[in-house]
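Residue numbers (numbering that gives the first Met the number 0), protein chains in the order written: chain A, 0 to 191; chain H, 0 to 732.
Everything labelled a hint here was simulated from the structure, so no lab data went into it.
Incorrect hints may appear among the rest.
Unchecked claim - Mimicking DMTMM-like on lysine to aspartate or glutamate, the simulated pairs with C-alpha atoms at most 25 Å apart in a straight line are: (1) A:119 x H:219; (2) H:491 x H:702; (3) H:510 x H:521; (4) H:623 x H:645; (5) H:510 x H:488; (6) A:119 x A:60; (7) A:119 x A:78; (8) A:119 x H:109; (9) H:679 x H:645; (10) H:554 x H:673; (11) A:119 x H:265; (12) A:119 x H:212; (13) H:623 x H:702; (14) A:119 x A:61; (15) A:119 x H:223; (16) A:119 x H:702; (17) A:119 x H:124; (18) H:664 x H:702; (19) H:664 x H:707; (20) H:491 x H:633; (21) A:119 x H:128; (22) H:664 x H:610; (23) H:679 x H:634; (24) H:623 x H:646; (25) A:119 x H:125; (26) A:119 x H:673; (27) A:119 x H:253; (28) H:679 x H:610; (29) H:664 x H:645; (30) A:119 x H:666.
Unchecked claim - Listed below are several chain A residues computed to face chain H (Cβ distance under 10 Å; list not exhaustive): (31) 35; (32) 38; (33) 39; (34) 41; (35) 42; (36) 88; (37) 90; (38) 118; (39) 135; (40) 171.
As the structure is a computational prediction, the values presented were derived from the model and not from experiment.
We treat Cβ as the ideally placed atom computed from N, Cα and C, and that holds for glycine.
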Amino acid sequence: MPSGASPWRGPFVALCCLFALLALPVPAAAVEIRGANHLWLDDTTVLVRLDIDMRLPAVLEDALANGVILEFEAETRLERGRRVGRDTLASETRRVQLQYFALNRHYLVTAVTDERMDLKPTLGDALDQVARRLGRLRLDGIPASARPNPGEFDLAARLMLVYSALPLPLQLDAGLRGDLTTRQEWRRWSLD
Amino acid sequence: MVAGLRGFPWGLFGIGLLFVLLLTSLVVMGDAAQNQARFEQLFLWLLVFHVAVLVALGGLIIYQVARMAIQYRRGVPGSRLTLRLVAVFMLVAVLPVSVVYYFSFKFLNEGVDSWFDVRVESALEDALELSRSSLDLRVRQLANETQELMSDLEGVSEGLVPLALNDYRRQVGAQELTLVGSNNRIIASSTDSPIRRLPTPPGSDILMRVRPEQPYSRLEPQPDGSLIIRVVATTSSRRPGSENRILQGIYPVDPRMSALSLRVQDAFADYREFAYLRGPMIQGFVFTLSLALAISLMAALWAGLLVARRMVRPISDLVQGTRMVAQGDYSTRLAVQRADELGFLVQSFNTMTRTLNEARDEAERNRRLLDAERAYLESVLQHLRSGVLALDGSLRLRTANAAASEILECDLQRARTRVMSEVGAECPLVAQFFEAISDALVRQEEEWSRQVVVFTRSGRKVLMTRAVWLPTSGSSRGLHAIVFDDMTEFLKAQRDAAWGEVARRLAHEIKNPLTPIQLSAERLSRRLGKVLEGADREVLDRATGTIVQQVEAMKTLVNAFRDYAQAPQLERASVDLNQLIRDVCELYLDQDGRSRVDVTLDASLPRIHGDAGRLRQLLHNLIKNALEAGEGHEDMEVHVATAYLDDSAGPHIELRVIDTGPGIKPEFLERIFEPYTTDKPRGTGLGLAVAQKIVEEHGGMIECHNAESGPGGAVFRIRIPVEHGPVVHEEPE
C-alpha cells in the first residue's frame, strides 16, 4: 500500500454510500390529515379535531384481511416558534389498532390508550371509527398566556402508520417496494 | 512499540475478525429463523450489518483491484502474479459458495414451506368455523330468548319492569338487561355486578339495524379477553301512542368457550398472517443469505488479494532486486521475513548478491591493478624517444605512443582502433610510412627491420624501423609491434663527422706536403733550368710543370673536401629562387651568347627562407654536373624547372634539373650523393654530395633517377619546404 494512501479511505467511502442509501426520500403517506381545527375548552385546554383521510393502500387492506394488525398514531403539539427550532409546550398522542375479528367477520377498532373497542361490520365503517378515534385529541396544560396571544403559538399534528408494529417481512417487502410510509409530515396552523 | 504495531498483520487480523462476525451473524440468523419474534427483532440489525460490511468490503476490493490494475498497467513487478493468484482465489471461492448458495436457497424455500401445511390450515379453518357456528348458535338462541323476553315485557307496567328484568336476567343468566325507551331513556336495568353502574344504552349504529321481531345480535370481544353476546330487540307497539321500547341484553360467553374460541381465532389469524407473509419472508431470507454469501465471496476475494500480496511480495522484492543487480547494484539486500521456501530463496538471493559484490570488488581491484600496470606501461611508452606502434592482424591501430605521434606528425592517440590506411588518408606521413612497411606487415614477417625515408613538411626523415609479429595466444589475430626512431639527425651528424674526419685527414696528410712539393718543383725548375738546355730542359719544364699542376689540383681537391666538411653557418634570408636561377644561368652562355641551360620557371613560386650563396652553389653544382655529364653529346640540353606544389607532403618548391645526357650508371645511382662518387673522368666527386648537403641544410630532399621517357638523361628533383620564413608570391611577369 502506498505510504501516502490511508487504509481507511475505502471503508470511509463505503460508509458514506450506505448513509446515502439510508437518506433516500420516503414515499407519500398512506393516511393523511386533510384538515384540522381546534376548540378552546378552557384557558388551558384545547380540543383538536382532525379531518383524516383513511384510505388504505391495497397492500394494507390485503394484510389486514390476512390477520395483520394495523396500528395508527395521531400526535398533536402546541408549539411556540423560535428563531431556531420550536418549543413544544403541550402534546398528546393517540394510538388506535385495527384488526380483522374472524369470529364474527367484523373489524375491531381498539383504542390503545383507553382500551375501548368497536366492532364494525365493514372496513369502511371501521376506518371511519379509526378516524374518529384518532381525530379528537385533547391538549391539556397549555400555558395561560397562549389564549390571549394565539398568534405566537402554533398547533401541529401528524398522522402515521406505526411501521414498527407491522410484521418485519411486511416492513421489508412493502417498505422496500415503497408501498408504505412511516409517517406524515407535520401539519401546522395558528392557534388564533 | 510503533514498529511492532506496524509489523502486525492488520489485514489478516481484519479478515479473521470479519470472518468471526459473519459466522456469528449467520448463527444468529439461523437461530432467528426458527423464531418469528426473534427474527423480527434481529433481522433489521443483521441486514444493516451485512449491508455495511458488504459496502465496506466492496469499497476495499474496488480500491485494491483498481490499485492492482494500475500496477499491472505500469508493469510493477509481481502484479501479474498477484492478478493470477487473485483469479485463482476467486475461482476457488466462487465454486463452493455457489454450491452453498444453491442448497441454502433450496433449504430455505423448503424450510419455510414446511411451516405451512394444508391440513393444518384446513383444521384451523374448521376449528374457527366450529367456534363460529357454536357461538352463532348461542347468539341466535339468546336473540330469540331476548326477543321473547321483549314480547313478555310488552304487557308489564313500567313499575314492575325492574323486577321482571331482574327475574328474567337470573333466569337466562344475562350479564345485563336494559330496557330503553324513546330517546335512549333507560326505563329499567338489571345487572349481575355487585357494583351498581350506569348501564350503557345501545349505540346509534345498532339502533339503526334493529327491526321489530328481528333482534340485533353480535358477538363482541372485551378488553379483559372475554367474549360477550350483545342482543338488542324491539317489538312493534301494539298500542297506538305507546312508547317504543328496546331491550338490550348482554350475555357472557362461557369462559372456556370464550377462551377456546379466541385461541382458535388467534391461531387462525397468526397462521393466515404467516401464510400471507410467506413470500416476503422467503425473500428476506434469500436477501439475507445472498448478502451473507456476497460478503463471504468478497471476504474471500479480499483475503485472496491480501494473501496473494503477501505471497507475491517476496517475489516482487526478488524481481526488484534482480533488476537492481542487472543495473549493477550488487549491494541490494532483501529483508528475510519468512521461514519458508520463499524466505530461503530471498536468503539465497542475498548470498548471491553478496558473492557477486565480493567478486566485483575483486575484479575491480584487479582492474585497477591492471590499469595501473597499463598506465605504467603507457607512461614508459609515452616517455620513450622511439615511436611505438601496435597493429593487430587486420592492421588496425591498437597502441601508439606520443613519440610515434610526434615523429609521424599525427595524433595517433585518437586514431586507435582505426585501420592504418584510414589514418593515412588524414596523415600523409603515416601514409608514406605505412606504404613503406606495408609489404612486411602483410607478409607478417616474424621479425624485420628497415630504414624508411619519408618526406615531410620539414624535410626528409629517416626512420629506422624494427618490427616483431606477435601471434597472440587465444586469438586468431596477431599483433605487430613496431618500433621506429627518427635517425635523420643522427645519420646526418654521423656522416658529417665521418666526412669531417676525412677532410681533417686530407688537410693533415695531403695538403701539408703539397706546398713543399710545389716549392721543391719550382726550385728544381729554377735551378736546373739554367743548367739544362735543349731536350733536357724541355723534359724538366714539363715534369716540374706537371708536378705544380697536380699539386694545384690536389689543393683544389682538398679545399673542396674542406668546404664539404666545414660547412659555414647558413645566412638565411628571403630568397627569390627564380631570380637566383636566372642569375646563375646567365653564367652559362655559349660563344654565341645563347644560354646553354633551358629554364622553365613557375611564376607563382614563393620566396623561400634560405642562404642565397649556398643555393647558388647548389645550382652551380647541379648545372655543372649536368653539363659535364653531357660533354661529347651534340644535342646535349640542360633544363631547369621550378614549380610550387602543395600536396600530401605539404607546400614546397620543386626544382628539377634535367639533362639529355647518357644518364647515370645504375651502379652509381644508389650512392650518387656520397662523396667521391663519380663516373666522370674529371671531377672531385664532391659536387653532388655538397648539393645534397645544401638541400638537407634547407630541410629539403634531393632525389636522382634516369628519365624513363624522352631523350633520356638524369633527373635531379629537389624539394624544399616553404614553411620557414615569409611566403610571398611573385607577381607574374
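We went through each hint and held it up to the structure:
1. As the CA atoms of residue 119 (chain A) and residue 219 (chain H) are separated by approximately 10 Å, the hinted pair is consistent with the 25 Å bound.
2. Proposed proximity of residue 491 (chain H) and residue 702 (chain H) is supported: the alpha carbons are some 16 Å apart, at most 25 Å.
3. Restraint check for residue 510 (chain H) and residue 521 (chain H): satisfied, since their Cα atoms lie roughly 17 Å apart, inside the 25 Å limit.
4. Only pairs whose Cα atoms come within 25 Å are accepted, and residue 623 (chain H) paired with residue 645 (chain H) is rejected, the gap being roughly 29 Å.
5. Using a Cα cut-off of 25 Å, the hinted pair residue 510 (chain H) and residue 488 (chain H) is violated, with the two alpha carbons roughly 30 Å apart.
6. Annotation: proposed proximity of residue 119 (chain A) to residue 60 (chain A) holds, straight-line Cα distance about 15 Å (limit 25 Å).
7. Restraint check: the Cα-Cα separation between residue 119 (chain A) and residue 78 (chain A) comes to about 36 Å, which exceeds 25 Å; the hinted pair is violated.
8. The suggested pairing of residue 119 (chain A) with residue 109 (chain H) is violated, with an alpha-carbon distance near 39 Å, which exceeds 25 Å.
9. For the hint linking residue 679 (chain H) to residue 645 (chain H), the alpha-carbon distance of about 36 Å lies beyond 25 Å, and the restraint is violated.
10. With a C-alpha separation of about 20 Å, the suggested pairing of residue 554 (chain H) with residue 673 (chain H) holds against the 25 Å cut-off.
11. For the hint linking residue 119 (chain A) to residue 265 (chain H), the alpha-carbon distance of about 19 Å falls within 25 Å, and the restraint holds.
12. Of the supplied pair hints, the one linking residue 119 (chain A) and residue 212 (chain H) holds, its CA atoms being roughly 23 Å apart against a limit of 25 Å.
13. For the hint linking residue 623 (chain H) to residue 702 (chain H), the alpha-carbon distance of about 17 Å falls within 25 Å, and the restraint holds.
14. Annotation: proposed proximity of residue 119 (chain A) to residue 61 (chain A) holds, straight-line Cα distance about 17 Å (limit 25 Å).
15. Note on residue 119 (chain A) and residue 223 (chain H): the hinted pairing holds, with a Cα-Cα distance of about 19 Å set against a maximum of 25 Å.
16. For a cut-off of 25 Å, the pair hint linking residue 119 (chain A) to residue 702 (chain H) is broken: about 151 Å separates their Cα positions.
17. Among the hinted pairs, residue 119 (chain A) with residue 124 (chain H) is consistent with the structure: their alpha-carbon atoms are about 22 Å apart, no more than 25 Å.
18. For a cut-off of 25 Å, the pair hint linking residue 664 (chain H) to residue 702 (chain H) stands: about 15 Å separates their Cα positions.
19. For the hint linking residue 664 (chain H) to residue 707 (chain H), the alpha-carbon distance of about 14 Å falls within 25 Å, and the restraint holds.
20. Annotation: proposed proximity of residue 491 (chain H) to residue 633 (chain H) is violated, straight-line Cα distance about 39 Å (limit 25 Å).
21. Our distance criterion of 25 Å between C-alpha atoms is met by residue 119 (chain A) and residue 128 (chain H), whose separation comes to about 20 Å.
22. Taking the CA atoms of residue 664 (chain H) and residue 610 (chain H), the gap is near 32 Å; set against the 25 Å cutoff, the hint is violated.
23. Note on residue 679 (chain H) and residue 634 (chain H): the hinted pairing holds, with a Cα-Cα distance of about 19 Å set against a maximum of 25 Å.
24. Using a Cα cut-off of 25 Å, the hinted pair residue 623 (chain H) and residue 646 (chain H) is violated, with the two alpha carbons roughly 30 Å apart.
25. Taking the CA atoms of residue 119 (chain A) and residue 125 (chain H), the gap is near 24 Å; set against the 25 Å cutoff, the hint holds.
26. Annotation: proposed proximity of residue 119 (chain A) to residue 673 (chain H) is violated, straight-line Cα distance about 160 Å (limit 25 Å).
27. Taking the CA atoms of residue 119 (chain A) and residue 253 (chain H), the gap is near 23 Å; set against the 25 Å cutoff, the hint holds.
28. Taking the CA atoms of residue 679 (chain H) and residue 610 (chain H), the gap is near 29 Å; set against the 25 Å cutoff, the hint is violated.
29. Between residue 664 (chain H) and residue 645 (chain H), the direct Cα distance comes to roughly 32 Å. Violation of the 25 Å bound is thereby established for this hinted pair.
30. The suggested pairing of residue 119 (chain A) with residue 666 (chain H) is violated, with an alpha-carbon distance near 161 Å, which exceeds 25 Å.
31. Using the Cβ-Cβ criterion of 10 Å, the hint placing residue 35 (chain A) at the interface with chain H is not satisfied: the shortest such distance is roughly 25 Å.
32. With 10 Å as the threshold, the beta carbon of residue 38 (chain A) stays out of range of chain H, its nearest partner Cβ sitting at about 23 Å, so the hint is violated.
33. Contact between residue 39 (chain A) and chain H, as hinted, is not supported at the beta carbon level, the nearest pair being about 28 Å apart and thus beyond 10 Å.
34. Here the hint on residue 41 (chain A) is broken, as its CB sits about 26 Å from the closest CB of chain H, past 10 Å.
35. A least Cβ separation of about 31 Å between residue 42 (chain A) and chain H goes past the 10 Å threshold, and the interface hint is therefore violated.
36. Among the interface hints, the one on residue 88 (chain A) is violated; its C-beta lies about 33 Å from the nearest C-beta in chain H, farther than the 10 Å criterion.
37. Hint status for residue 90 (chain A): violated, given a least beta-carbon distance of 25 Å to chain H, over 10 Å.
38. For residue 118 (chain A), the interface hint holds, the least distance from its beta-carbon to any beta-carbon of chain H being 6 Å, beneath 10 Å.
39. Interface hint status for residue 135 (chain A): violated, as the beta-carbon distance to the closest one in chain H is roughly 17 Å, over 10 Å.
40. At its closest, the beta carbon of residue 171 (chain A) sits 5 Å from a beta carbon of chain H; the interface hint therefore holds under the 10 Å criterion.
In summary, the structure is inconsistent with hints 4, 5, 7, 8, 9, 16, 20, 22, 24, 26, 28, 29, 30, 31, 32, 33, 34, 35, 36, 37 and 39 from the numbered list given earlier, while agreeing with the others.
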